[in-house]
Amino acid sequence: MTDDLNRELERAVEQARSALSSVSTLDELEALETRVLGRKGELTGMLRRIGTLPPEQRGPFGQAANREKSALAEAVEARREELRNASLAGVRDFDPTTPGIRPARGHQHPVLAIRREIEEIFLSMGFLVLDGPEVETEHYNFEALNIPGHHPARDMQDTFWLETAPDVSFVMRTHTSPMQVRAMERFGVPIRAVVPGRVYRNETCDATHEATFHQVEGLVVDRGISVAHLKGVMGAFLGRLFGREVTVRLRPHYFPFVEPGFELDFQCVHCEGAGCSVCKRSGWIEMLGCGMVHPRVLEAGGADPEEFTGFAFGVGIDRLAMMRHVIEDIRHFHAGDLRFFEQF
Amino acid sequence: MWISLSWLGDFVDLGSRTPEEIADDLTMKTALIEAVERRGAFGEEVVVGKVLERNRHPNADRLNLCVVDVGEGEPLQIVCGAPNVDAGQTVAVAKVGAVLPGDFKIKKSKIRGVASHGMICSESELRLGEDHDGIMVLEDGLEVGAPFERVRGVADVVLEIDNKSVTHRPDLWGHEGFARALATIYGLDFAAAPVDASLRAGGGPIDVRIEASELCGRYHALFATGAFGGRAPGWLRRRLSHCGLRPISLAVDLSNYVMLEIGQPTHPFDARTLRGGVIRIRRAGEGERIVTLDGEERSLPPDACVIADGERAVAVAGIVGGAESGIEADTTDLVLESAWFEPIAVRRTSTALGLRTDALARFEKHLDPDLSERAVRRFAALLREVAPDATVAPEFVAAGETRQAPRNVVLRPARCRAKLGVDLDAGDMTRILTALGFSVAEAGDELAVEVPPFRATRDVDDEDDLIEEVGRIHGYAAIEPSLPEVACGPVELEPVTTAWRAAGRALRERLGFAEVLSYPFVDDDVLARAGLADDGPAMELRNPLQATARRLRRSLVPYLLEFVDRNVKSVEDVRLFECGRVFRPSEDAASLPVEPLHLGAAWGERTTRPDGSGGVLRRLRGALEEVFDAVGRTFEARAVDESSRAAWMHPTRSATVSAGGEEVGRFGQVHPRIADRFGWRGEVALLELDLSAIVATPAHVRPYAPLARHPAATVDVSFVAPYDVSYRTVVEGLTSASKRLERVELVDEYAGEGLEAGARSLTLGLRFRVADRTLTDEEVTKELGRVRARIEELGGRVRG
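Chains as they are written, first to last, in the numbering used here: chain A, 1 to 344; chain B, 1001 to 1800.
Just so you know, these hints were derived from the structure itself, not from any lab. Predicted model, so just to flag it, every value in this text is computed and none were measured. Ideal Cβ positions, reconstructed from N, Cα and C, are used throughout, including at glycine. Treat each hint with caution, since some may be false.
[As the list claims (entries may be wrong)] Interface residues of chain B toward chain A, partial, derived using beta-carbon atoms under 8 Å:
hint: 1; residue: Ile1467
hint: 2; residue: Glu1480
hint: 3; residue: Leu1507
hint: 4; residue: Leu1511
[Stated by the list, open to error] Beta-carbon label-pair distances, calculated as ranges:
hint: 5; chain 1: B; residue 1: Asp1358; chain 2: A; residue 2: Gln343; range: 44 to 50 Å
hint: 6; chain 1: B; residue 1: Ala1639; chain 2: A; residue 2: Val168; range: 38 to 44 Å
hint: 7; chain 1: B; residue 1: Leu1707; chain 2: A; residue 2: Ile50; range: 49 to 55 Å
hint: 8; chain 1: A; residue 1: Val168; chain 2: B; residue 2: Gly1475; range: 55 to 61 Å
hint: 9; chain 1: A; residue 1: Ser169; chain 2: B; residue 2: Glu1385; range: 51 to 57 Å
hint: 10; chain 1: A; residue 1: Pro148; chain 2: B; residue 2: Val1096; range: 56 to 62 Å
hint: 11; chain 1: A; residue 1: Ala64; chain 2: B; residue 2: Thr1776; range: 56 to 62 Å
hint: 12; chain 1: A; residue 1: Met323; chain 2: B; residue 2: Asp1428; range: 35 to 41 Å
Can you build the whole structure from these sequences, using the hints too?
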């Protein structure tokens, strides 16, 4: 009895193995698997007949049958893998260098992109990001900033003046600096804030001059603020903006609303300071104006200059965008030409 | 402004420091140096030559063909265009390979078919003077072939000062000031320019009357005789030309020399031309005119200060001399004017005349009034040195009383240290200030500082100005950077900036719009093309760049239309948006205008798609929904009525947008009239929102419903209805008709072929549900019946 069943098992396994080696498609393999190992398959059927054996033979036969069954199942899996690999090794039907399918893509204005980066950098350092009016009073744009009536910056050729009633005087703000005093008035001191925004100069436009451009103003007022802090914050800001350590220098410069006043230059990133056409052979690129807030400006903002000191800076960002992307003409920024914007 | 290092050497011994080192130190501690240039050095390739022959050029009448001995075996053939070249002259020859100032390289060339092996040089080509009409003829007897620089050149290095970096420093408009700065930086001795101390203030042959004392505070007149129309010595002419001034005559060159040296402009008159024995400093008369030294006749602005003799104006004070009273070749009697003019007034006159001069650049900076007398004494000393035959009258005329009052400022070393963030003691500060010309006395913990008059006119007037002096000379590079310790508190963007960012991100990243910027000054034509020429009161510029662009925008639409037009011809699908301020005058004229931040968007397509497939107008409405989602607010759109419709809006395909009960924007298709005017085919739709108003409305929190336990029944229903029956009316109607209607969704909208004008077909997806069980088919059919009945009631015709 056992011998019959054993022989049958042997024969079935042998047949299954030989069939396995001759199947050539995944479908044939599946059919074979069902026929041999399936719920109604040959091996399963034989195991069901185990009850016909005498009790002492059931154990050994069952173990042998299960061993064969799992060995066969493994062989089927191996064969499946072989067949699948063979089918996949066929004709190439994908080219990874063909561009993918993307949703319609919009474009960020390159100047506003830098504006937002700068906002993020200063937010991360705990600065408020404020807004101010673009039409400004003569008081905030000039007088409160210690720019007296005869200062060259107030000449007709630099400033856009507005038609107003005779007793008031409005200008298109020539810089974001009026917000130094407005911010101190609104929030008091200590304060740390940046003010991004549009400014205006009555200048004929050409490849490097625009009548309107963007600046970011910065202001820190507190007890004990010094030039060392100005250097520290500017270094942190520029390092983040350029994504690497930049060498900067503070060069004395006169602005009426700071004392001492500086221009901050950074070492030319093209020639590493050796001198090239980008930096006009000087090795340095003028980056921004800054300085220690003038005591009269602190007073105008309601802060006591004996108790508080501060620093301020103003950076023009159109030029930064031009440098970053090597843009040859500043007028592209306001021309609305999609061939320009599609590149960003 | 150019500063000569050899000239600086008159006042300070700079030793072996290189020009680049000096330029760097000045840049970091005094004023920006823009360039370092060599002058008067020509190299071995510029040599003394002798013209052996001068022949006509065979192919050009005005050119000469010269044969020139340059001390080599074979004489050189050189083509020369100068009219004054002749055989026998000793000249300077730039051989092939020479590099002349301005990086001008001499190469072998062919001129009109004839080879030329070099160039015979003019003064200007060697930057020895301005004369470029002819070649420079040298004295005979020079060694032919010798390098020219050994014969005539005096090598010098000049530094170009960025004038903008010294606008606040009247003391730095001459060599003496820079020498003082360098002496301070390097701790060297400084010697001021020598003056003639023997001269006395007194009378003279001409009477000086200051009639406009508010415009002229001091006036000095020096009298001298000599050959003033002659040449100044070579070294002096060379210094002037190295610094960019053209040598002219002895008197003019000396006057210019004094200006470049100590910063005080003076003006030489030919005494013969001054009539009536008097110099009057007065305001210009009504309609008064003068021919200035440049030969131009100018009418004087009424408040200009002029120098006049007994009869007429002979100079515009502080700016330019008159042509008739200038130095001529035969001038022997000189009146030298040195004065202090009111800086704001001379500046105003210069602006009115449209004329800027070296003298004006200095007077407008507010010079020390005492410098006027010093210039007269310096001129006299120089004249005696360079022209021993000349005589100077022992007395000069001095008029006017203006003086710079001494200024005393207290410097607290502790504040100086705190503000600079650097450890300096009172001794360091005293040393720096003293070297710069300040007088310093210690008074307890403080320093009592007296500001010298040449720094007190405009520049230094309080403690922080002194801190700047100390910091600058100590060197900002020496200050160790540190980050401030600040209180910690929440920071944020202005709400409207946050809204701009969110809306912009949605438009750019989800909808493919490009962000643009336009001018806030709107051109009248641009406004007219948008139909917005009479769009209400606008702020206006008093001095616009163009007369037609004086209005400040009240809307972003005009330039959006222009930008669409700029692109629509080359781009199939134009999507643009701008966020920017618009400007509306305040009710109260004394207040600043209102400046809300607007968002404007344009969607244009060159080809019209049938409606219902999502023409640009409906897709722009989708953009509107995205924007409101992004800024977290809700809105309602209503068909625009005649009274609030802007001229650019299509009469029926436009809408107003409101939020929080206020109108906050509008959108719509561009009126065909405007599209025709631009010559557009296809469709353009615009959207304009007032972001400032939108962020002021309550933020929208998305409502939440607990997750349903039982399935819903979903059914589509289609019907035709007039456009007048709004989608909103339908949704509200259906929702009230069936309590089990959970949600209505637009599946499709169609208009056009097969439907009458003004009608559309809508397909809605309806979702019915109750909370506690699954609806039976009969129940759903019953609800659907209610819905269909309501559609018919509203004027719709249910299909199928």
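Now the hints, each set against the structure:
no., hint, result
1, Ile1467, "holds (7 Å)"
2, Glu1480, "holds (6 Å)"
3, Leu1507, "holds (6 Å)"
4, Leu1511, "holds (7 Å)"
5, B/Asp1358 with A/Gln343: 44 to 50 Å, "holds (46 Å)"
6, B/Ala1639 with A/Val168: 38 to 44 Å, "holds (42 Å)"
7, B/Leu1707 with A/Ile50: 49 to 55 Å, "holds (51 Å)"
8, A/Val168 with B/Gly1475: 55 to 61 Å, "violated (45 Å)"
9, A/Ser169 with B/Glu1385: 51 to 57 Å, "holds (54 Å)"
10, A/Pro148 with B/Val1096: 56 to 62 Å, "holds (58 Å)"
11, A/Ala64 with B/Thr1776: 56 to 62 Å, "holds (59 Å)"
12, A/Met323 with B/Asp1428: 35 to 41 Å, "holds (39 Å)"
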